[in-house]
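Protein chains in written order, with this note's numbering: chain Z, 3 to 116; chain W, 191 to 301.
What the hints contain is simulated information worked out from the structure, not anything from laboratory work.
A virtual CB, placed ideally from N, CA and C, is assigned to each residue, including glycine.
Here are the computed lysine to aspartate or glutamate pairs in the EDC-like style, where the Cα-Cα straight-line distance is at most 20 Å:
#	chain 1	residue 1	chain 2	residue 2
1	W	235	W	272
2	Z	11	Z	74
3	Z	72	Z	56
4	Z	72	Z	32
5	Z	59	Z	32
6	W	288	Z	56
7	W	235	Z	26
8	W	192	Z	40
9	Z	99	Z	56
10	W	300	W	229
11	Z	73	Z	26
12	Z	99	Z	74
13	Z	73	Z	32
14	W	300	W	205
15	W	232	Z	40
16	Z	59	W	193
17	Z	11	Z	40
18	Z	59	Z	71
19	Z	85	Z	61
20	W	288	Z	61
21	W	235	Z	40
22	Z	11	W	229
23	Z	16	Z	64
24	Z	72	Z	26
25	W	192	Z	61
26	W	288	Z	32
27	W	288	W	195
28	W	235	W	247
29	W	269	W	247
30	Z	59	Z	40
31	W	269	W	246
32	W	235	W	195
33	W	232	Z	26
Rough simulated footprint, nothing fancy, chain Z against chain W, three-plus residues with beta-carbon under 8 Å:
#	segment
34	192–205
35	234–248
36	278–290
Single-letter residue listing:
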Amino acid sequence: DGGITQSPKYLFRKEGQNVTLSCEQNLNHDAMYWYRQDPGQGLRLIYYSQIVNDFQKGDIAEGYSVSREKKESFPLTVTSAQKNPTAFYLCASSPRKGGANVLTFGAGSRLTVL
Amino acid sequence: RKEVEQDPGPFNVPEGATVAFNCTYSNSASQSFFWYRQDCRKEPKLLMSVYSSGNEDGRFTAQLNRASQYISLLIRDSKLSDSATYLCVAASGTGGFKTIFGAGTRLFVKA
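When you get a sec, could you build the whole thing from the sequences and use the hints?
What follows is the structure, encoded as structure tokens:
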């Protein structure tokens, strides 16, 4: 079955450490996204990529970095510069055309900073 | 003001009840609209798209009022399994980066 795989599902980090969240999709989607979800808030866009080797900042990119070296993969690094990184991180993908606004999500990664 | 606003709830209803969720969006350029369902500590999943003429999928009916910038979701004959958070979504162009999610409305269906 096609889908999006995120890992790890749960992650604990000490302050000052960088962590990288993995996102892999086999849906053959061109576009991929990273969102952050906090309690009582809607999903907020961190970064997105519409094509390999290209990505754009979303609404809350500060303290995060991404890469898009392969169509299937869009890893997110949460750096020590992110002041409040504890959150639920969701990776998503969509076709570039025909249903481009319909997002398919991975199961999420829950990051806790100790 | 949030771009997509929803009543956070929670809505507590008995099985078999009809429940309606409302949502407003502020960007008049929004073109596509959706409802997603999110179970506790899980990812959002597409429930249904919302069309101008209104559309129905089984017990679920979605309505769009462009003049009022208002979207609704009606659930008839509620089931225990309908308990979840329902996210209202508006997109102003082509591409997921144009997609704005509401904070969600929490629904609890009780036996």
